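Student: Here the protein sequences line up with chains A and B, keeping their order. My numbering numbers the first residue of the first sequence as 335 and each following residue consecutively. My numbering numbers the first residue of the second sequence as 335 and each following residue consecutively.
If you are wondering where the hints come from, they were derived from the structure by calculation, not from laboratory data. Predicted model only: the values in this text are computed from it and were never measured. Check before you lean on any hint, since a few could be wrong.
To be verified - Under the rule of at most 25 Å between Cα atoms (straight-line distance), these lysine-lysine pairs were calculated in the DSS-like manner:
{"#": "1", "chain 1": "A", "residue 1": "880", "chain 2": "B", "residue 2": "880"}
{"#": "2", "chain 1": "A", "residue 1": "779", "chain 2": "A", "residue 2": "526"}
{"#": "3", "chain 1": "B", "residue 1": "615", "chain 2": "A", "residue 2": "841"}
{"#": "4", "chain 1": "B", "residue 1": "526", "chain 2": "A", "residue 2": "841"}
Unchecked claim - Selected chain A positions facing chain B (Cβ under 7 Å, derived; list incomplete):
{"#": "5", "residue": "563"}
{"#": "6", "residue": "610"}
{"#": "7", "residue": "613"}
{"#": "8", "residue": "849"}
{"#": "9", "residue": "873"}
{"#": "10", "residue": "881"}
{"#": "11", "residue": "884"}
Positions of the beta carbon are idealized from the N, C-alpha and C atoms, including for glycine.
Protein chains: 2
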Amino acid sequence: MQVPGPSVREAASMYGTAVAVFLVILVAALQGSAPAESPFPFHIPLDPEGTLELSWNVSYAQETVYFQLLVRELKAGVLFGMSDRGELENADLVVLWTDRDGAYFGDAWSDQKGQVHLDSQQDYQLLRAQRTPEGLYLLFKRPFGTCDPNDYLIEDGTVHLVYGLLEEPLQSLEAINTSSLHTGLQRVQLLKPNISQPALPADTHTMEIRAPDVLIPGQVTTYWCHITELPDGFPRHHIVMYEPIVTEGNEALVHHMEVFQCAAEVESVPHFSGPCDSKMKPERLNYCRHVLAAWALGAKAFYYPEEAGLAFGGPGSSRFLRLEVHYHNPLVIRGRRDSSGIRLYYTAALRRFDAGIMELGLAYTPVMAIPPQETAFVLTGYCTDKCTQLALPPSGIHIFASQLHTHLTGRKVVTVLARDGREREIVNRDSHYSPHFQEIRMLKKVVSVHPGDVLITSCTYNTEDRRLATVGGFGILEEMCVNYVHYYPQTQLELCKSAADPGFLQKYFHLVNRFNSEEVCTCPQASVPEQFASVPWNSFSRDVLKALYGFAPISVHCNKSSAVRFQGEWNRQPLPEIVSRLGEPTPHCPASRAQSPAGPTVLSIGGGKG
Amino acid sequence: MQVPGPSVREAASMYGTAVAVFLVILVAALQGSAPAESPFPFHIPLDPEGTLELSWNVSYAQETVYFQLLVRELKAGVLFGMSDRGELENADLVVLWTDRDGAYFGDAWSDQKGQVHLDSQQDYQLLRAQRTPEGLYLLFKRPFGTCDPNDYLIEDGTVHLVYGLLEEPLQSLEAINTSSLHTGLQRVQLLKPNISQPALPADTHTMEIRAPDVLIPGQVTTYWCHITELPDGFPRHHIVMYEPIVTEGNEALVHHMEVFQCAAEVESVPHFSGPCDSKMKPERLNYCRHVLAAWALGAKAFYYPEEAGLAFGGPGSSRFLRLEVHYHNPLVIRGRRDSSGIRLYYTAALRRFDAGIMELGLAYTPVMAIPPQETAFVLTGYCTDKCTQLALPPSGIHIFASQLHTHLTGRKVVTVLARDGREREIVNRDSHYSPHFQEIRMLKKVVSVHPGDVLITSCTYNTEDRRLATVGGFGILEEMCVNYVHYYPQTQLELCKSAADPGFLQKYFHLVNRFNSEEVCTCPQASVPEQFASVPWNSFSRDVLKALYGFAPISVHCNKSSAVRFQGEWNRQPLPEIVSRLGEPTPHCPASRAQSPAGPTVLSIGGGKG
């Protein structure tokens, strides 16, 4: 039956009201309760209109996430959930829906075609539903892992949240057609670390680095660059904390912000304020790359550990700072003004240790490349025992935060610490990494690195949409594999990375030429990117490239600042030998599901025919 | 406290009696029941002394195995379970044990050190315990899959059963030291197919092929060869069924038996009866290799499908048969006599179709090799679309049984049918294959192969104990990868196998030489086994060999009997391209564990202090 347009809207809104009314009645019988103190410390808008707002809290003791979803204009229901990379296929969902008789809340999942099914095991558990003038609040919880093969495993690192709005009542959950819904995704770190905030020193001052009164451009993606400077003669201070300042109403538009310090060598930097890709942007802004602070959507304030701070100001450092704001404006809203930025908390009473930032992973060289059409190709960079032996103090360093970085094809990043040939500890792992969501993340547990330890950083890439090999390099279409680790006490070691030996790569090209005996030639007089571009990609050339990267000796970049290597022989170094690996993370399955309902929770039958 | 020797025995036997007495009392409260008809059709002795005897039945509807374990001389308890290859480490166990106060039955598991732990999830469920003059009967059940990571997944194919006898009472399960127990393993196909037995024709006759009154040698392993012959002028018949005849009392010694027909070309074969490796064995026995019947421990009668029978007798076939009996005598019992063999059921009223046997997998050539020190190296042989197109009738053939074959390092075997580049169906899979347990197995479901289909047979090998590469070939220290499939209607195609192109293997040797630039030379004037013997095995040469086998074109052996190839070009054929693979089997998790006990079942507290 085809219902004319306006009536559908009316009907939907009527059902919306009905659901809301019935929801008020329920509640009492639902079991469980949220943690007591500050029940939902974390917040994020889900959709750009701000219709859906998620708050959450994490109980590490219960290994459970408590969610509070605010639905501002409920029509016939809502879908919320998680999936590998934000697709609505193969998603783990919770659905609030109405048929003509009642409203239901249930754990569901979508198959690879996006078809929604009720889950035979109900692991999302409704705790409360409450109607307020703002909208409907749904409070529910989910264990990190459920051991249900249809469920998403909530891990450290990025989680891709998905949502969808149901406009009309449904006869059943199976009737949902995800492709016709208003849906979207939001990236967030759900499992925020449970770290107590160190007290701020008494003499803490603040400084706001903001781009004032920016007219947000009417385009989906804008990187806004704004230059500001420290006061003349500003002495050396320690940054001990920073937090975002987001202009009210723009919470869904301000995607991430970073404050960079310019290079000391650059005497003065023009006071530019405009899109970073503008033709008007002065060349000298490219020398402002030293990270002082970074924030991304969903992150809260960043606290340095009590014993350390990030030095800025004083002689030998630039007075010029560059603020970069990424506006994400998918609805192409025009005329919106914004003055967001970052508030630095700093002290003149320097803390015991300077904090430092060290770059781990792959050197920026085309020697490390990913064949085209790969779904999960792994490249690995090493910080070797020889380098840590030389560069780290005897008592070691302490890594307390990490920011992962790749270009567009990066899908996973992990850094592992190995000692005496055995992997010991994960420094940071993101199995749902997105290049569009690069936060500085506090580690759940500080990782101490001693002289002689090895740090192994692996990135997994997806090049399904590429026609040619993707080589390492600075370009946005080239790739990187980097973990910026934040640590103390600061050392001279700024960069500890590697790449396969270029001579072995030439052996590879030679071998592929001979083996395929085709008309192509990946000849030595060509550049490495050109050689890669003429490799005939078949299962053999792909597998042998993997074998090469797993075998060839490496060039190690064990560098002080300004790209000066520590003294020693760093070419043709042996690949670190790892005799025992850490396994994949295995979820704890909830011991008993006795308290979980067997089917969806009926929210109301009021007004029904029964 | 050290108790002197004899008292231990007395105490143990006392507790044994106590347990048995208490067990009689219990029962009533235990829930569940076994399937009604013929409750335990399958039987196998577990230990060579015959102390433990297992009977079982399979409910495919419930996806559950019902076990009945008879313990003839119970002392302080018994361990029974399953593990990957029959180790007592990483085993999934059920344990009956006694402390000073009572007797307990519980689901347990052993870790990689063999330490036994009570399982937090009790998936073995005790149904009945009953004392009889024969011994104690324990009846219990287990779902095929439990989704408990500590549990074994019961799959088609070989299952390695393990057992252990507890001699003394224990304070707790954790006190069990598996390394000091009397333990052992037994291989069996637990998930017997659920096929109704076709009725035998009215004119069925039987013929017993037995080696009469053999004095079983006092050594662990004996293959006994016995030649017999069909009556003079015996016309063509169809074998429609066969079954084992095992001499009473020798059930644990007779491991497997096969009846072979000699080649028609050999005019007469001497009536030898003796060990197959005897120096007295006439050379001509080597021409008796055409399988007529095969039985292994735990197997029951083998029925041909109603519409087919295996032809024997008549012109063009040899009158001579060779019976091979494998005696497995681990306790080196001496003086035991045996007259076991196989009873053939045959009919002169020939059935509609002749059954045939076709050999799939790898050609016997050293080109296919496994590097040393590999834990799971896979080699794959193809029966290509071109061969099936040429050799199979338009209506296809129907595979109803399969016998897998490798030499000593084989660990898994699987044959998959692919059509139009997509894997469609498993023909036969054994993920716990043992070269010591090669049964002909009826398929659960007949697999039809059409012209143009591809049959892919993969074997997984473990060469951890080898110092040099293991090459393909006939020798016991060389390897094979074969699936003998039993099918109808018989065709001319007797062998459909493949191996990598030898020219590409030479490219591989060349490449490995160049790449390693070591003093070794895997030079073309050497034989392939010699070339493999001088490969420097490192991660690169291993990975590139894998890459080669996954890429190089193949030589296809598409042969009629007597090694005559079908007409056509069979060298340098492209590897079949497979665009979609069948996934790993995933277990159904039992929907609810509500009825499972949370801890061990207490069998008795009688006589305790409480």
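Student: Give a verdict on every hint.
Tutor: Hint check:
1. Restraint check for residue 880 (chain A) and residue 880 (chain B): satisfied, since their Cα atoms lie roughly 12 Å apart, inside the 25 Å limit.
2. This hinted pair checks out: residue 779 (chain A) and residue 526 (chain A) have alpha carbons roughly 12 Å apart, not beyond 25 Å.
3. The straight-line distance between the Cα atoms of residue 615 (chain B) and residue 841 (chain A) is roughly 55 Å, outside the 25 Å bound, and the hint therefore fails.
4. Our distance criterion of 25 Å between C-alpha atoms is broken by residue 526 (chain B) and residue 841 (chain A), whose separation comes to about 53 Å.
5. Nearest Cβ of chain B to the Cβ of residue 563 (chain A): about 53 Å, over the 7 Å cut. The hint is violated.
6. Checking residue 610 (chain A) against chain B by beta carbon gives a least distance of about 43 Å; that is not within 7 Å, so the hint is violated.
7. For residue 613 (chain A), the shortest C-beta to C-beta distance to chain B is roughly 47 Å, which exceeds 7 Å, and the interface hint is violated.
8. Taking 7 Å as the C-beta contact cut-off toward chain B, the hint placing residue 849 (chain A) at the interface holds, the least distance being around 6 Å.
9. At about 5 Å, the closest approach between the beta carbon of residue 873 (chain A) and any beta carbon in chain B falls short of 7 Å, and the interface hint on this residue holds.
10. Satisfaction of the interface hint for residue 881 (chain A) is found here, the shortest Cβ-Cβ separation to chain B being roughly 3 Å, below the 7 Å cut-off.
11. This hint holds: residue 884 (chain A) has a C-beta 5 Å from the nearest C-beta of chain B, less than the 7 Å allowed.
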